[in-house]
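Let's have the full structure, built from the sequences with the hints guiding it.
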Amino acid sequence: TVRLAIFAFVFTVVAGISLGIVAGLKADSLRDRGLLGLTLLLISMPSFVLGFLVQYFFAFQLGIAKPNVSIDPTNSELIMPAIVLASLSLAYVARLTRTSVAENMRADYMRTAVAKGLPRRRVIGVHLMRNSLIPVVTFLGTDIGALMGGAIVTEGIFNIKGVGQLVFEALGKREGATVVGIVTLLVIVYLVCSLLVDLLYAVLDPRIR
1 TVRLAIFAFV FTVVAGISLG IVAGLKADSL RDRGLLGLTL LLISMPSFVL GFLVQYFFAF
61 QLGIAKPNVS IDPTNSELIM PAIVLASLSL AYVARLTRTS VAENMRADYM RTAVAKGLPR
121 RRVIGVHLMR NSLIPVVTFL GTDIGALMGG AIVTEGIFNI KGVGQLVFEA LGKREGATVV
181 GIVTLLVIVY LVCSLLVDLL YAVLDPRIR
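Just so we're aligned: the sequence shown equals residues 1 to 209 in our numbering.
List of simulated lysine-lysine pairs, DSS-like, C-alpha gap at most 30 Å:
{"#": "1", "residue 1": "Lys161", "residue 2": "Lys173"}
{"#": "2", "residue 1": "Lys66", "residue 2": "Lys161"}
{"#": "3", "residue 1": "Lys26", "residue 2": "Lys116"}
The set of hints was computed from the structure by calculation and includes no laboratory data.
Pasting the structure below:
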């Protein structure tokens, strides 16, 4: 479950932030509207529906992936379940990044940086991104725990022997101690991630320091 959540988190960060930046730099353009439509589709589609669709097309129709993972899955076997698990978070991160970038593009400090003649790469990479990523980091801080807790459905679809299946079996057998232990672990993950987010704030926003 930890490996699956890490893969999903990395995919969310890389793809979500990249798509959000591309759309936010050209707000109200065709690619911006395309991103909003794609993310709306991902948000409105339940994870079990997306999981079965991905499994059907990529495993049964195209044959480029296995429908179920092995008992000791390799990293390549976890890619498809990780994409399914990350789809909802990716949509939220992309929308949040797009909105933040588009809003900061109209800020006074951006016009000042451009007027000073700074290179475009420095304007976007340093001035724009450091301010635009603050709300995104806030969301990502709690998303790791959500990915681990939300892996129950994904693990069931792809037959992954993880924490999700363990919780499901424990609930069926009424093993309260097992459920409490797993929930406690997820709470600790949430708390640690919240602490890391607070530390990252000082890196992104010098005013906090």
